[in-house]
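J.: Residue numbers (the numbering used here), protein chains in the order written: chain A, 2 to 330; chain B, 2 to 330.
Possibly wrong hints are sitting among the right ones.
No copy labels: a pair is met if it fits in one copy or bridges any two.
What the hints assert, rightly or not - Lysine-lysine pairs mimicking DSBU-like chemistry, simulated, CA-CA at most 30 Å apart:
hint : residue 1 : residue 2
1    : 173       : 52
2    : 52        : 153
3    : 173       : 153
4    : 325       : 52
5    : 292       : 239
6    : 52        : 3
7    : 239       : 166
8    : 292       : 173
9    : 173       : 325
10   : 292       : 166
11   : 52        : 321
12   : 166       : 98
13   : 267       : 3
14   : 98        : 52
These aren't lab readings, by the way, just hints derived from the structure by calculation.
Number of protein chains: 2
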Amino acid sequence: MKETAFDVLGIGNALVDVLAHADDAFLTENDIEKGAMTLIDAEAANALYGKIGPAVEVSGGSAANTIAGVATLGGRAAYIGKVADDALGNIFAHDIKATGVHFEATRQAGGDTGHCTILVTPDAQRSMNTFLGASTTLCADDVAEDQVSAAKVIYLEGYLFDPPKAREAFYKAAGIAHEAGREVALTLSDSFCVERYRAEFQHLVETEIDILFANEDELMALYQTTTFDDALQIVREKCSIAALTRSAAGSIIVCGDEIHVIDADKAQVVDTTGAGDLYAAGFLYGYTAGKDLKTAGQIASLCAAEVISHVGARPEADLKALAKAKGLI
Amino acid sequence: MKETAFDVLGIGNALVDVLAHADDAFLTENDIEKGAMTLIDAEAANALYGKIGPAVEVSGGSAANTIAGVATLGGRAAYIGKVADDALGNIFAHDIKATGVHFEATRQAGGDTGHCTILVTPDAQRSMNTFLGASTTLCADDVAEDQVSAAKVIYLEGYLFDPPKAREAFYKAAGIAHEAGREVALTLSDSFCVERYRAEFQHLVETEIDILFANEDELMALYQTTTFDDALQIVREKCSIAALTRSAAGSIIVCGDEIHVIDADKAQVVDTTGAGDLYAAGFLYGYTAGKDLKTAGQIASLCAAEVISHVGARPEADLKALAKAKGLI
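Model the full assembly from the supplied sequences, consistent with the hints where possible.
T.: See below:
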């Protein structure tokens with residue numbers, strides 16, 4: 002097999018997050034589903050922006066957050082996603098490259114870079130309102146074969162099932178990766194996304210996915226079970242590795258008969274945005290660095306704890322130093 | 002005297018902050034004066050952006066931060082400053098209005114909204130690199146006489162002495178305010194700014210300023226003294242009220258023979274950006290609400306402590322609730 006240039010390559014919706022605080026009453030008044038990711042159009046995005054309080058702009062996008070985390074840990078990381086030729090596109094491209102991620106920005110001429118208005122309630126939960134913008138123009142042609150085949154693992158976000166062309170990009174990337182003997186990882190993204198595309202996700206996990214990331218709600222939505230354990234018993238038959246997160250209850254990593262129960266790292270929770278994304282970053286970094294599954298899970302927990310201790314979905318601390326201090330890398 | 006519509010009206014350079022972490026070596030390599038505000042042009046701003054790490058975009062501008070703080074405390078606040086018709090201009094206008102500030106954005110056609118690249122070093126100090134952009138087009142015509150004459154206090158930032166037309170706006174506003182029987186407050190902004198315009202500032206303080214905000218370095222630069230106490234004895238002869246900040250050593254408020262020594266509120270220091278701005282917010286809110294000088298100073302200390310406990314120069318907590326909990330309002 003050829004040498005790899007990257008440990009992890011992510012493909013996802015390239016978004017800038019617009020973070021603001023809101024109370025539960027605001028969510029109710031504006032018909033915003035708490036804890037979910039809802040797609041909105043440009044008009045609704047502008048209307049919502051007119052109602053929210055002062056905000057902070059910071060690069061986001063689920064897979065992009067993960068890839069930024071891999072790079073911060075010292076992994077060789079690359080990202081494919083689409084932004085527009087505007088100020089938010091500049092911010093996105095700057096931030097991901099500044100983290101050390103390989104990103105060949107193909108800019109959509111005209112239009113707006115996608116952005117996600119994230120409302121953080123006092124319980125630190127986030128409700129996301131995504132205007133996909135330029136990210137919807139991601140298509141199979143944007144999947145650079147040389148990059149995909151040069152990554153140990155490619156990492157795809159379930160949200161890519163929303164823009165129709167992105168799904169083709171998704172399958173093309175998975176095909177190239179497997180052809181080159183690489184592995185394909187997927188995060189289910191959110192339970193509402195799973196509800197929208199359950200049959201497709203079930204088929205995908207069974208046929209293309211080597212490493213699955215999901216939280217309890219997503220996994221139970223995927224297999225329509227009433228308990229987490231029931232879903233766990235199903236998923237272990239479906240893909241090589243499943244890394245299943247349970248918020249404060251930690252995570253379960255299952256790989257055939259091997260199973261690990263990993264504690265959550267303690268954190269002062271400020272904003273849960275990016276918890277799953279950074280868990281995946283830590284796991285994929287550890288896995289591609291040749292760590293055992295338990296250690297990869299512990300690095301994952303450490304990264305998730307860091308990102309929920311501040312506002313924003315990208316790491317602020319030196320994750321590599323934190324992991325070293327704990328003897329994990 | 003006519004009824005007032007506003008407690009405080011601020012006039013300043015309207016900027017969006019681009020916040021990133023950096024170490025001291027980075028400052029040295031890039032000839033950045035630690036702790037100072039340095040003016041840079043568009044080219045230098047772009048070059049610097051290409052070198053810094055991932056950043057967070059958040060509305061800033063010294064007087065704008067203060068005015069946002071006044072509004073967060075429940076004061077009636079207005080702001081005058083100039084942005085361009087671009088994405089950063091939208092962010093600035095949204096955030097200040099969302100805080101409850103009256104802001105009639107007059108947008109410069111073309112050009113870029115000014116932004117300040119703030120590098121936060123591990124000691125929580127900030128070094129500011131300001132590209133003034135559209136904020137330099139603020140001129141006397143932008144000073145709305147009806148707004149200025151309707152504010153109990155107008156608040157001006159020393160940074161306005163950098164763009165030449167803004168200085169005219171500054172004097173026009175002070176003239177209107179005094180004509181209407183209002184008070185004029187000034188912050189010296191930074192010691193390098195004072196060095197650039199020492200004679201003008203000395204004249205201004207003596208002739209136009211009722212309430213002066215300064216930190217130790219700025220005050221000592223203004224009067225070229227070697228000790229804080231020497232400068233204090235001079236300033237008390239020059240303007241009605243001086244509110245003088247001394248970082249962790251708290252602040253001194255002097256009004257003729259009345260003098261108060263106010264303790265700093267304890268804070269876990271994350272980023273000192275905005276400390277002086279929010280101190281002024283707390284003081285001006287208390288002062289215009291009819292509180293005594295000591296109480297106004299205590300509100301000021303509380304606001305400064307809040308803003309240095311997180312990244313960014315605008316308050317994130319409910320300052321009004323915090324001040325109420327301490328029995329200050």
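J.: Against this structure, judge whether each hint is valid.
T.: Tested hints:
Proximity of residue 173 to residue 52 under the C-alpha cut-off of 30 Å is found in neither arrangement, the shortest distances being 40 Å within a copy and 34 Å between copies. In this assembly of identical chains, the alpha carbons of residue 52 and residue 153 lie at most 30 Å apart only when taken from different copies (29 Å versus 44 Å within one copy). In this assembly of identical chains, residue 173 and residue 153 lie within 30 Å of each other by CA distance solely inside one copy; the values are 16 Å within and 65 Å between copies. When the C-alpha separation of residue 325 and residue 52 is checked against a cutoff of 30 Å, the pair qualifies only between copies, where the shortest distance is 26 Å, while the shortest distance within a copy is 44 Å.
Within a single copy, residue 292 and residue 239 get their C-alpha atoms as close as 23 Å, which meets the 30 Å cut-off; across copies the closest is 68 Å, which misses it. For a Cα distance limit of 30 Å, the shortest separation of residue 52 from residue 3 qualifies neither inside one copy, at 53 Å, nor across copies, at 33 Å. Proximity of residue 239 and residue 166 under a CA criterion of 30 Å is satisfied intra-copy only: 26 Å inside one chain copy versus 69 Å between copies. Taking identical chains as interchangeable, the C-alpha atoms of residue 292 and residue 173 lie at most 30 Å apart only when both belong to the same chain, with a minimum of 29 Å there against 67 Å between chains.
Neither within a single protomer nor between protomers do residue 173 and residue 325 lie at most 30 Å apart by alpha-carbon distance, with minima of 37 Å and 59 Å respectively. In this homomeric assembly, residue 292 and residue 166 never come within 30 Å of each other (Cα to Cα): the closest approach is 35 Å inside a single copy and 62 Å across copies. In this assembly of identical chains, the alpha carbons of residue 52 and residue 321 lie at most 30 Å apart only when taken from different copies (21 Å versus 39 Å within one copy). Taking the shortest alpha-carbon separations for residue 166 and residue 98, only the intra-copy value of 25 Å comes in at or below 30 Å, while the best inter-copy value is 38 Å.
With identical chains, the CA atoms of residue 267 and residue 3 are never at most 30 Å apart, being 40 Å at best within one copy and 57 Å at best between copies. Taking identical chains as interchangeable, the C-alpha atoms of residue 98 and residue 52 lie at most 30 Å apart only when they sit on different chains, with a minimum of 10 Å there against 32 Å within one chain.
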